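Asker: The lines below spell out each chain.
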Amino acid sequence: MSAESTKRPLGQWLVLGTGVTLLGLGEYLGLFWAPPEMAMGDVMRIIYVHVPSGWLALVAFLSTAIFSGLYLRTKTPRYDHIADASAKTGTVFNAMSLATGMIWAKPTWGVWWSWDPRLSFTLIMFLLYVAYSALRRFVDDTESRARWAAVYGIFASVSLPLVYYSANWFRSLHQPHSTPQTVDASMKLPLRINAFAFLFLMIWFIWRRYELLRADAAHESTPPPA
Amino acid sequence: MVAQPYTLLGAAAEVGSGVLEGHWGFVWAAHALGLATLLGYGLYLVVKKPKG
Chain P
140 MSAESTKRPL
150 GQWLVLGTGV
160 TLLGLGEYLG
170 LFWAPPEMAM
180 GDVMRIIYVH
190 VPSGWLALVA
200 FLSTAIFSGL
210 YLRTKTPRYD
220 HIADASAKTG
230 TVFNAMSLAT
240 GMIWAKPTWG
250 VWWSWDPRLS
260 FTLIMFLLYV
270 AYSALRRFVD
280 DTESRARWAA
290 VYGIFASVSL
300 PLVYYSANWF
310 RSLHQPHSTP
320 QTVDASMKLP
330 LRINAFAFLF
340 LMIWFIWRRY
350 ELLRADAAHE
360 STPPPA
Chain A
21 MVAQPYTLLG
31 AAAEVGSGVL
41 EGHWGFVWAA
51 HALGLATLLG
61 YGLYLVVKKP
71 KG
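Which chain is which? The protein sequence lines are P and A, in order. Going by the numbering used here, the first residue of the first sequence is number 140, and it counts up by one from there. Going by the numbering used here, the first residue of the second sequence is number 21, and it counts up by one from there.
Hints are computed from structural coordinates only; laboratory data are not their basis. Please read these numbers as outputs of a predicted model, since none were measured by experiment. It is possible that some hints are incorrect.
[As the list claims (entries may be wrong)] Computed, partial: chain P to chain A, Cβ under 7 Å:
#1 R184
#2 V231
#3 M235
#4 A238
#5 P246
#6 L328
#7 L340
#8 R347
#9 D355
#10 S360
#11 P362
[What the hints assert, rightly or not] Derived DEER-like restraints, expressed as beta-carbon distance ranges:
#12 K69(A) to T215(P): 36 to 46 Å
#13 L262(P) to G60(A): 20 to 30 Å
#14 W287(P) to K68(A): 30 to 40 Å
#15 K69(A) to W308(P): 40 to 50 Å
#16 Y64(A) to G156(P): 12 to 22 Å
#17 V322(P) to K69(A): 40 to 50 Å
#18 D280(P) to K69(A): 22 to 32 Å
#19 K68(A) to A324(P): 25 to 35 Å
[As the list claims (entries may be wrong)] Straight-line distance between alpha carbons at most 16 Å, and here's what the computed EDC-like set of lysine to aspartate or glutamate pairs gives:
#20 K71(A) to D355(P)
#21 K327(P) to E176(P)
#22 K71(A) to D279(P)
Ideal Cβ positions, reconstructed from N, Cα and C, are used throughout, including at glycine.
With the hints as extra help, turn the sequences into a complete structure.
Answerer: Here is the structure:
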């Protein structure tokens, strides 16, 4: 780990500590305090882990697109590392969203999976960002890798609005967006707390991953001993 | 909605046997999977060493 990264442990601890504390509170409220939903009963409590993971996957992938654009504009390696760290972290949240969604689908729809627009676009998005990480492994030259990844990172972000709006644009098994007006306050509270918990944890994941990528890049740029 | 009694053992049995009537099994499974993913990824980032 470089000297610069070791200067910031307090910030990382604060972010991680806030995320873990909020997660503990959100999980307690979601599992034990919030009431069961009228139609779905207790199975609706899956929302408190499924929806935040889906939201934060989109936020992480949006970060990839933004920092990819910044890299293409400035050619600053730091932006490439943040874009990469965001893509890898978003892929983890995306996988979590897909898996918890399948667990929710079985008792409510009767099937683990349906080729419904929202589910299909979410799976395509997941595969697009797995391909992003694969692309980076296939290119050896650092600058070419960063440039190709940035272009691809912006291209892959086309999937974000398709995923976000698909349940509203298409006829879908998946319910349309809930809004603060359509969700009871007792359910909004744990959902919001867990969303912020996931946000803090996502920031910590990206931060840690960024440090590792920056250290890897420093090693790559060091000439081998004569 | 009548509250359904549940236990961890019952939740595991529901998931394991595929009994769909008891929904708490799915709730526990989804939350356990989510938390395990967050914990696992966090630990991976802590123990992972940079190249070289």
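Asker: Work down the list of hints and note, for each, if the structure agrees.
Answerer: Now for the hints, and whether the structure bears them out:
no. : hint                          : in the structure
1   : R184                          : 5 Å, holds
2   : V231                          : 5 Å, holds
3   : M235                          : 5 Å, holds
4   : A238                          : 6 Å, holds
5   : P246                          : 5 Å, holds
6   : L328                          : 17 Å, violated
7   : L340                          : 6 Å, holds
8   : R347                          : 4 Å, holds
9   : D355                          : 5 Å, holds
10  : S360                          : 11 Å, violated
11  : P362                          : 12 Å, violated
12  : K69(A) to T215(P): 36 to 46 Å : 25 Å, violated
13  : L262(P) to G60(A): 20 to 30 Å : 21 Å, holds
14  : W287(P) to K68(A): 30 to 40 Å : 24 Å, violated
15  : K69(A) to W308(P): 40 to 50 Å : 45 Å, holds
16  : Y64(A) to G156(P): 12 to 22 Å : 19 Å, holds
17  : V322(P) to K69(A): 40 to 50 Å : 44 Å, holds
18  : D280(P) to K69(A): 22 to 32 Å : 24 Å, holds
19  : K68(A) to A324(P): 25 to 35 Å : 41 Å, violated
20  : K71(A) to D355(P)             : 5 Å, holds
21  : K327(P) to E176(P)            : 12 Å, holds
22  : K71(A) to D279(P)             : 15 Å, holds
When the structure is compared with the earlier hints, violations turn up for hints 6, 10, 11, 12, 14 and 19 and for no others.
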